[in-house]
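2 protein chains.
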Amino acid sequence: MKIAVLGGDGFCGWPTSLHLSEQGHEIHIIDNLSRRWIDTELGVQSLTPMDSIQERCRIWKTLTGNELHFHLLDLAKEYERLRQWLAEEKPDAIIHFAEQRAAPYSMKSDRHKVYTVNNNVNATHNLLTAMVETGIDAHLVHLGTMGVYGYSSVGAAIPEGYLDVEIENLEGEKKGLEILYPTKPGSVYHMTKSLDQILFQFYAQNDGVRITDLHQGIVWGTHTDQTRRHEQLINRFDYDGDYGTVLNRFLIQAAIDYPLTVHGTGGQTRAFIHLQDSVRCIELALSDAPKAGDRVKIFNQMTETHRVRDLAEMIARMTGAKVAYLPNPRKEAEANDLIVRNEQFLALGLDPTTLQEGLLDEVVEVAKKYAHRIDRSRVPAVSAWTKDIAKRVETDPEGKRLKSVS
Amino acid sequence: MKIAVLGGDGFCGWPTSLHLSEQGHEIHIIDNLSRRWIDTELGVQSLTPMDSIQERCRIWKTLTGNELHFHLLDLAKEYERLRQWLAEEKPDAIIHFAEQRAAPYSMKSDRHKVYTVNNNVNATHNLLTAMVETGIDAHLVHLGTMGVYGYSSVGAAIPEGYLDVEIENLEGEKKGLEILYPTKPGSVYHMTKSLDQILFQFYAQNDGVRITDLHQGIVWGTHTDQTRRHEQLINRFDYDGDYGTVLNRFLIQAAIDYPLTVHGTGGQTRAFIHLQDSVRCIELALSDAPKAGDRVKIFNQMTETHRVRDLAEMIARMTGAKVAYLPNPRKEAEANDLIVRNEQFLALGLDPTTLQEGLLDEVVEVAKKYAHRIDRSRVPAVSAWTKDIAKRVETDPEGKRLKSVS
Ligand SMILES: NC(=O)c1ccc[n+]([C@@H]2O[C@H](COP(=O)([O-])OP(=O)(O)OC[C@H]3O[C@@H](n4cnc5c(N)ncnc54)[C@H](O)[C@@H]3O)[C@@H](O)[C@H]2O)c1
Ligand SMILES: NC(=O)c1ccc[n+]([C@@H]2O[C@H](COP(=O)([O-])OP(=O)(O)OC[C@H]3O[C@@H](n4cnc5c(N)ncnc54)[C@H](O)[C@@H]3O)[C@@H](O)[C@H]2O)c1
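As they're listed, the protein sequences go chains W and P. Using UniProt numbering, read the first sequence as starting at 1 and increasing by one per residue. Using UniProt numbering, read the second sequence as starting at 1 and increasing by one per residue.
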């Protein structure tokens with residue numbers, strides 16, 4: 001197949017491109033490299049030394065003989081070029097990773113909120129419009145997030161995208177209705193993924209666009225079979241307070257003998273998936289495309305759930321690190337259950353890597369190995385969800401104490 | 001109160017500004033005048049001769065002594081200026097009409113789809129972000145549409161925004177959950193109003209923004225008590241195939257002895273409200289603001305529903321016009337029921353003007369009076385919802401015959 005990987009320079013997009021290239025597909029990476037610019041803006045860098053996209057593509061070609069085509073293009077701002085590219089190349093499938101993906105970054109300031117909505121909504125909508133306009137019949141696979149669900153409070157398992165409800169009609173009879181699972185996003189970033197859902201629903205229904213939306217958990221792990229092949233194919237590893245996910249920041253804190261900082265009670269439950277499994281899920285989703293006229297196919301792309309404090313304790317046990325509790329900069333429930341259905345990928349043959357098996361590798365092969373590159377001052381999460389929370393977090397004595405530790 | 005009327009140069013915004021000015025409020029109209037530019041783009045003009053916004057404000061001042069402040073500002077593109085304006089003026093209430101509001105225009109071409117999403121989502125989101133950033137405590141009243149509901153097929157009445165559903169939890173117990181009424185928008189324009197709902201839900205929940213969302217039916221009628229006062233205060237009247245709503249186009253067709261063109265079976269049911277009632281509803285909504293932390297307050301702002309073909313027959317009876325059936329350029333059900341709850345406004349004292357009472361005025365005072373200004377070639381609706389429909393509509397013999405009549 002000819003596959004366009006939008007956002008193919010990113011954390012998930014790069015290993016996906018390599019995996020699918022190895023399987024013999026013709027890969028076209030489209031990326032505006034905005035994520036590299038954000039590193040520059042924040043003054044942070046990937047823990048792992050990461051080469052330019054052009055250089056990485058060159059190395060892959062040398063190693064495998066397979067070409068990775070790279071196109072510098074902004075999906076949100078360059079509609080005309082996008083449409084022209086699709087009309088000329090007519091990809092069979094499009095994998096869409098190209099969005100601003102960090103919740104804390106999306107809450108940093110008004111400018112960051114405006115940027116995130118503008119970038120993500122226009123990127124996704126431009127793509128859909130261009131697909132309809134050019135009349136190409138590509139299968140669109142989009143990366144959404146578990147976070148749109150807003151962690152339902154009724155104690156029910158989160159289904160794969162759709163919910164059957166009953167509505168009483170005028171005659172007092174209960175009628176069944178299938179609806180998109182109602183979302184309650186907890187950040188501007190998550191909100192954009194709720195917006196995406198509505199865009200997908202419309203374009204699938206009005207134009208028969210074939211869409212798969214993957215509601216992904218937090219991706220952990222750095223290496224895949226392909227990125228291991230050469231030091232310069234290494235994947236990015238974000239550990240800063242904005243882009244570093246909770247697990248990555250714990251690993252880094254352990255590596256530099258800093259206490260693992262849990263926000264709030266640590267009772268928040270999150271869903272996780274290993275990078276290798278994420279890449280495999282995309283392969284499985286590609287092989288199971290919906291037909292024109294079908295509703296959007298939604299998968300929950302995650303393999304296990306953990307409370308944040310249990311995760312901290314797991315890493316503390318492995319590394320001897322201490323655990324410290326800090327006020328929570330996010331506006332969220334102190335604790336939540338999270339039960340997620342993921343039968344569809346398991347039925348397609350996914351065989352998950354668990355945190356229990358894979359985590360030690362991350363500690364030794366990544367966090368310890370590159371510890372000399374860590375900028376300790378960038379580990380704390382500083383984006384507060386509201387102005388009131390910002391004040392509370394700022395004046396917290398334990399926070400001050402911890403700041404002086406770093 | 002100091003009230004900002006965003007989109008105050010438009011069809012609903014102008015009479016609302018006059019009505020609230022007359023009640024003694026300090027009115028600030030913010031508009032980028034994009035709607036006037038779209039008239040130019042389409043080569044159409046309001047049936048009623050409409051002055052510049054500056055001139056209309058001058059006349060109002062001369063007549064009443066009340067100042068209407070006008071600010072040329074693009075909500076979607078000029079975030080910084082918007083924020084600065086809010087910080088300086090600190091309005092008590094903000095009424096948000098400023099979106100691209102025609103479904104056929106939003107479906108005209110890929111460029112129009114991209115424009116509509118970009119304009120509407122960014123206008124609404126910029127406004128919300130700027131309200132939070134400046135910390136002003138204004139009540140936001142937004143104009144949404146009945147069209148987001150997608151005309152539910154289960155035969156139940158459409159509630160005012162929220163739906164109580166039951167979800168089975170892991171123990172097999174049914175738990176109640178209140179959700180936003182699930183939307184199924186039928187055009188890119190309607191879709192942007194679904195997106196707005198998600199933005200409102202998030203900002204009300206995360207930042208305590210006080211928001212009222214008015215799900216409005218099709219507004220008919222031209223005059224209000226204030227626009228009648230002077231020929232140069234007259235409101236706009238759109239009759240072209242993109243901006244003219246079904247009722248306006250029937251009125252114009254009757255005035256020029258052209259058959260009333262019903263699309264499809266005419267079994268589509270729509271909700272209506274008179275302009276004078278729409279203006280009054282906004283006054284009522286302003287007087288009944290939610291508190292910080294409340295969920296978004298949603299009203300169904302409509303007073304009656306009619307099938308399109310019944311409407312055509314009503315106008316045919318009044319005017320002697322014929323009714324003709326054409327293929328439908330929209331992708332929608334041939335017929336739908338529409339039962340809408342609107343108790344909230346009735347409870348607040350709304351006393352509706354019915355079509356039966358008010359329509360003859362429109363025929364005589366507006367359509368006949370300005371018939372000499374009608375460009376017949378602009379009445380047909382030409383935007384097709386999909387490429388397949390465009391082909392069908394294009395080759396329809398009855399359509400051809402009717403084209404030659406015009
Ligand atoms: N990493 C995770 O844990 C995780 C979890 C759930 C969902 N996701 C989703 O998976 C996708 C990829 O995540 P990631 O971790 O690889 O993020 P990333 O930031 O590393 O990669 C995103 C890539 O998209 C590019 N991009 C952004 N906006 C663009 C635009 N307008 N035009 C062209 N390119 C653009 C960036 O330059 C970057 O290379 C995102 O949509 C994200 O929301 C990720
Ligand atoms: N007219 C109806 O029948 C009807 C029915 C239901 C809902 N509504 C809603 O009511 C609102 C007003 O409708 P209308 O009929 O008065 O439309 P309109 O097009 O006559 O007025 C909208 C005004 O907003 C301005 N505007 C648009 N984008 C802007 C931007 N980015 N910055 C600043 N100004 C901008 C336009 O210039 C115009 O003056 C719309 O949101 C519409 O969706 C209207």
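Rather than coming from a laboratory, the hints here were simulated on the basis of the structure. The structure presented is a predicted model; accordingly, all values stated were derived computationally and were not measured. Among the hints, a few may not be true.
A pair holds if it fits inside one copy or across any two, identical chains being indistinguishable in the list.
[What the hints assert, rightly or not] Heads up, simulated DSS-like pairs for lysine-lysine below, C-alpha to C-alpha not over 30 Å straight-line:
1. Lys322 to Lys175
2. Lys77 to Lys108
3. Lys61 to Lys387
4. Lys175 to Lys61
5. Lys331 to Lys174
Status of the hints after comparison with the structure:
1. Lys322 to Lys175: neither (54 Å within a copy, 40 Å between copies)
2. Lys77 to Lys108: Cα proximity of Lys77 and Lys108: in one copy and across copies (22 Å, 20 Å).
3. Lys61 to Lys387: Neither, since 49 Å and 41 Å both go past 30 Å.
4. Lys175 to Lys61: neither (57 Å within a copy, 56 Å between copies)
5. Lys331 to Lys174: So Lys331 and Lys174 pass the 30 Å test across copies only (28 Å; inside, 37 Å).
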